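Asker: Fit chain B to the supplied structure of chain A, relying on the hints for placement.
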Amino acid sequence: MGIFLKYLLRNIAEKKFRTLLVIVAIAVSAGLFFATSAISTTSKEMMKDRVRQFAGNSDIVIRPNNDAAVSRYVEMAPLENDKDRLEYAVGTLEGMILYAPNVEDMNYIKVMGIDIEDLHTYNPLSIDQERELNNFEGNLIIISTYIAERYGLAVGSIMELEVSDQKTDFTVAAISHQKGYFSNESQGTVAIVPKRTLDKLYDANGAMNAVYIKLKNSSQLAEMLTSLGEAYPDSDVKEAVNQAELAQSVSSVSLPFMIVSILAMFMSVFIVYTSFNIIVIERLPVIGTFRSIGSTRKRINSLLLLESVFLGLAGGIVGCMLGIIALYFMAFVYLPHLTSGQDIKLSFTASQLLYTVVFAIVLAVISAVIPIVKTTRMPIKDIILNSYSKAGERRGAGAVVGVLLFAASLIVPRLLQTNLFSFILDIVCMVTLLISLILIVPMAVRILIKLLVSTNLFSNEMSIAIKNIDNNKSFLNNIKLIAVSIAGIFLIFTISSSMSRDIENSYEKYHGYDIKLSHSQADTSFVEQLNQVSGVEGSNNTFEMENVQISNKQYYLNRVYGIGGIDYFNYVKANLRDDDVKAISQLNSGRNVVVTDILMSKLSLNIGDQLVLDFKGKQGEYTITGSIDSSFNTGNMVFISAENMSNDSGLKYYTDTYIQTEGDVNQVYNDIKRTFLKDILVIRTMQELKDINKGFIGGMFDIIIAYSLLAVLIGVVGIVNNLIVSFIERKRFLGIYRSIGMSKSQLKKMLVTESTFIGIFGVLIGLIGAVALIEIVPFMLSFMYGSIIMYYSISTFVVLTGMSIVIMMLTSFIPVLKSNKLSIMETIKYE
Amino acid sequence: MSTCVLEIKDLYKSFKMGNQVVDILKNVSMKVNKGEFISIMGPSGSGKSTLLYLMGGLDKITSGAIAINGNKLSSMNDSTESKMRRKDVGFIFQFYNLIPNLNVEENILLPVLLDGKKRKDYIKKVDQLLEIVGLSDRRHHTPRELSGGQQQRTSIARALINDPDIILADEPIGNLDSKTGTGILELLRDINRTKNKTVIMVTHSKESTAYGNRIVNLKDGEICEDSSDLGGLCLA
Numbered sequence: 001m002g003i004f005l006k007y008l009l010r011n012i013a014e015k016k017f018r019t020l021l022v023i024v025a026i027a028v029s030a031g032l033f034f035a036t037s038a039i040s041t042t043s044k045e046m047m048k049d050r051v052r053q054f055a056g057n058s059d060i061v062i063r064p065n066n067d068a069a070v071s072r073y074v075e076m077a078p079l080e081n082d083k084d085r086l087e088y089a090v091g092t093l094e095g096m097i098l099y100a101p102n103v104e105d106m107n108y109i110k111v112m113g114i115d116i117e118d119l120h121t122y123n124p125l126s127i128d129q130e131r132e133l134n135n136f137e138g139n140l141i142i143i144s145t146y147i148a149e150r151y152g153l154a155v156g157s158i159m160e161l162e163v164s165d166q167k168t169d170f171t172v173a174a175i176s177h178q179k180g181y182f183s184n185e186s187q188g189t190v191a192i193v194p195k196r197t198l199d200k201l202y203d204a205n206g207a208m209n210a211v212y213i214k215l216k217n218s219s220q221l222a223e224m225l226t227s228l229g230e231a232y233p234d235s236d237v238k239e240a241v242n243q244a245e246l247a248q249s250v251s252s253v254s255l256p257f258m259i260v261s262i263l264a265m266f267m268s269v270f271i272v273y274t275s276f277n278i279i280v281i282e283r284l285p286v287i288g289t290f291r292s293i294g295s296t297r298k299r300i301n302s303l304l305l306l307e308s309v310f311l312g313l314a315g316g317i318v319g320c321m322l323g324i325i326a327l328y329f330m331a332f333v334y335l336p337h338l339t340s341g342q343d344i345k346l347s348f349t350a351s352q353l354l355y356t357v358v359f360a361i362v363l364a365v366i367s368a369v370i371p372i373v374k375t376t377r378m379p380i381k382d383i384i385l386n387s388y389s390k391a392g393e394r395r396g397a398g399a400v401v402g403v404l405l406f407a408a409s410l411i412v413p414r415l416l417q418t419n420l421f422s423f424i425l426d427i428v429c430m431v432t433l434l435i436s437l438i439l440i441v442p443m444a445v446r447i448l449i450k451l452l453v454s455t456n457l458f459s460n461e462m463s464i465a466i467k468n469i470d471n472n473k474s475f476l477n478n479i480k481l482i483a484v485s486i487a488g489i490f491l492i493f494t495i496s497s498s499m500s501r502d503i504e505n506s507y508e509k510y511h512g513y514d515i516k517l518s519h520s521q522a523d524t525s526f527v528e529q530l531n532q533v534s535g536v537e538g539s540n541n542t543f544e545m546e547n548v549q550i551s552n553k554q555y556y557l558n559r560v561y562g563i564g565g566i567d568y569f570n571y572v573k574a575n576l577r578d579d580d581v582k583a584i585s586q587l588n589s590g591r592n593v594v595v596t597d598i599l600m601s602k603l604s605l606n607i608g609d610q611l612v613l614d615f616k617g618k619q620g621e622y623t624i625t626g627s628i629d630s631s632f633n634t635g636n637m638v639f640i641s642a643e644n645m646s647n648d649s650g651l652k653y654y655t656d657t658y659i660q661t662e663g664d665v666n667q668v669y670n671d672i673k674r675t676f677l678k679d680i681l682v683i684r685t686m687q688e689l690k691d692i693n694k695g696f697i698g699g700m701f702d703i704i705i706a707y708s709l710l711a712v713l714i715g716v717v718g719i720v721n722n723l724i725v726s727f728i729e730r731k732r733f734l735g736i737y738r739s740i741g742m743s744k745s746q747l748k749k750m751l752v753t754e755s756t757f758i759g760i761f762g763v764l765i766g767l768i769g770a771v772a773l774i775e776i777v778p779f780m781l782s783f784m785y786g787s788i789i790m791y792y793s794i795s796t797f798v799v800l801t802g803m804s805i806v807i808m809m810l811t812s813f814i815p816v817l818k819s820n821k822l823s824i825m826e827t828i829k830y831e
Numbered sequence: 001m002s003t004c005v006l007e008i009k010d011l012y013k014s015f016k017m018g019n020q021v022v023d024i025l026k027n028v029s030m031k032v033n034k035g036e037f038i039s040i041m042g043p044s045g046s047g048k049s050t051l052l053y054l055m056g057g058l059d060k061i062t063s064g065a066i067a068i069n070g071n072k073l074s075s076m077n078d079s080t081e082s083k084m085r086r087k088d089v090g091f092i093f094q095f096y097n098l099i100p101n102l103n104v105e106e107n108i109l110l111p112v113l114l115d116g117k118k119r120k121d122y123i124k125k126v127d128q129l130l131e132i133v134g135l136s137d138r139r140h141h142t143p144r145e146l147s148g149g150q151q152q153r154t155s156i157a158r159a160l161i162n163d164p165d166i167i168l169a170d171e172p173i174g175n176l177d178s179k180t181g182t183g184i185l186e187l188l189r190d191i192n193r194t195k196n197k198t199v200i201m202v203t204h205s206k207e208s209t210a211y212g213n214r215i216v217n218l219k220d221g222e223i224c225e226d227s228s229d230l231g232g233l234c235l236a
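Chains as they are written, first to last, in our numbering: chain A, 1 to 831; chain B, 1 to 236.
Extracted from the complex, chain A is given alone in its bound form (with noise of 0.2 Å):
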């Protein structure tokens, strides 16, 4: 054991640089396990801190109860019986202000009056401008980017606000990042005040209409809820943010890290495997002279086990640092470019450090098991004499299983229902897609290289260059690894680029109005007027809610619409059939509920089952009648009458007007502005709408993106890598070429040339396998976001061919020096 274990640690001494190259590519692998779990955490803090915008960290909210005929306001005393379990309790006065610096760009604005040293504990800000915070009293206000740049606003600016009906001249204290309180205002503006402040506008002599509550053990959730229901019995004591209804909000963000984490976690099993298993063979004859002088195979496999550990821990430790640097790369670097001021904080946590270290050791031990078991099998006879069956003889066996996987995944897909069960099986398809194309590529390499070389078009060190890409393992391996790498990124541009399309598409798709508004009481009333606006054709109106629990499924719905019958159709569109006509134009005649195809297949649902909607407290059973056709809010949505909804959820007034109009649509804006002035909430053109979505939609994209071109770097260093084991490898022909009269130039132009041709057989391969992925992606995407066509970009084929080709050109830059040094003899005698 001894003599052997001297052996391995003199053999990792003596060639540092191959033991240096296992390191780094484990190190990279590990870099990028880290990286995608963190930048998964990220974008789902993204996510949850846009639904915990208005509950920051808190854990209850306590708010007057609309229906009691009781105080508008929350008091504090009832909470001083729970004082001792509460980390905080926080009271803020919240309302709607007028901001009317004209006509045109009227708007309401939802104002919260806190103190500064409350607000930073529940709901801390990001502040972009600030001029004094300390001293936040007085007609100060905190606004945001969003708000600052559509007025024209800085720090130091006057707003003139109508709080009411009392106009009152307010300096802008500060401008805060789109993060927190100020994270989504698609739905409308948001804006902070001083308490005391808005207390004196409203008169509300102390009170508060909202408390946040912290609590010191979350695990005291329930029964706070309790007790504190019991304490507050005229008012709202709710969860601040619903647990199910975060987690199904990051769900949604969570897919396409998971279908990046899949090819991240491809490649770097693959990069460790491909580095590791060379070392290990170059390693036999040593392996197979100990065997034949009785050592045992249980020794030697121990510790060569041994060594893979500590290599992996190594290669871990460096991996998480890489990690690191690439995350902070990414979002000091890269991201405050594309997300236009929406702030990005890392979020990782040593659970995820320490993890990424198990994952190296556990990827560094599996790539050396598998070489070790293979020799066990063999004859000690073949290890000595480096006899045993080398690679690519079973390239014809392995290729038609690969094309038989090929196939199965492609049609697989096609056979299945939309539900969870097909849901995974399309990624398990997307897996052994990648496996296939693995497994052909020894076959399709041949073909490709017997048809280069039959077309006479290359001198003959092309030539040369090209025919020794057939046989040599490494080189096979990089093809293999930028196949996959190309087919995975090509598939993430895609995806990406197809989403964004499709939200962009949704509202040319499905939206037929110019302008949506929110008024302050919409009733029979309003909607003459309004149709009496010039310009107004025509509208519709409808109460809508969102985020409403099936609470008999456990399930939250994006949106509820109560709609008033066929003619919401009119304006908002969806592919109706003559049994969804029927349906929709019966929702009234009983208490029907109309559901989207997505929302069935996802649910399991049949005609006839019974739906409970949760309208926040109160609740309403209705019988689905029908299912419609629409991915418009990812299909998750329902419709059941206006009436049905009035009586139900206690809304008195329309929530929403949808507008159609004929002439200029922003002049009939202005005149729908100016006809009903402050009391229109929110008043939306549909190329507003239109923009914001697709600004959140995009910068969620855009990190992924950003990841994805993370995976590229490292990709590139595991292609480096291969790329100087295979010219370790292969020093002694080298040699040779150079012993039979091939030039330093002509060794260096062979060297480009394979490069180069690794790059473009790799780039082929790849994007036949991301053609095939995007056939079965949309059948995935269908059962998170309904369905999705898939654009292919010929300018991202163009820009991921050049740029692998380029890579692979600039990649072999590092062999060629080595060439430089290589010396014929050492290599032709003693290699």
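Incorrect hints may have been included.
Label pairs and their in silico Cβ distance ranges [to be verified]:
#, chain 1, residue 1, chain 2, residue 2, range
1, B, Thr80, A, Ile814, 40 to 50 Å
2, B, Ser147, A, Val453, 26 to 36 Å
3, B, Ser14, A, Ile814, 24 to 34 Å
Source of the hints: derived by calculation from the structure; they are not laboratory data. Just so you know, these numbers come straight off a predicted model, no measurement behind them. Here a beta-carbon is modelled for each residue, glycine too, at the ideal position from N, C-alpha and C.
Answerer: Chain B in isolation, oriented as in the chain A frame:
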């Protein structure tokens, strides 16, 4: 009058081993005439293979000079030296040194392909060489599909494709059984005699020297015996 095809003068070759400089070859001088078949002998570590590699320009000399057909190797740049290896010398190695993914024909053609020549112009020559080395039926086989002797015959054909003046052979039968080895030596002797090629062969085997006409003995990096100096064996 015999033509000198290779001349070595005051040749030194040293290697650095750790902190020490080790002299592998010391003050070696010799002339090789066209058509000679020289066997270089000596114990392990005497420097015979190093001398052969230096003759072919596969390694750099420390001092002294080597000239092939009157052209000093030290004054050649990489391109000229590579051209010399393609045209003026042909190498035969103990472990054959064939390119595994190329077939017999392609391996033989390598030096002319590297010379930028067209494959089709040399097909006839390959036919002749395959005939000479007895591998006509193995033309499309890869080295893995050949025996050791067949691989060595392929490397001999490769060494001859550009019709060089000098054949440098480093223990060409060191990895072969005696019967196959004899066949290879006979082949080299035939090439030497019928084609008037100069053969310089490093060997351990005394029997092998019988196929040549001059023996050079090396010991501790120095020529201790050269049969041409003794008269009898050197060609006039």
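Asker: What are the numbers of the hints the structure violates, in ascending order?
Answerer: 1
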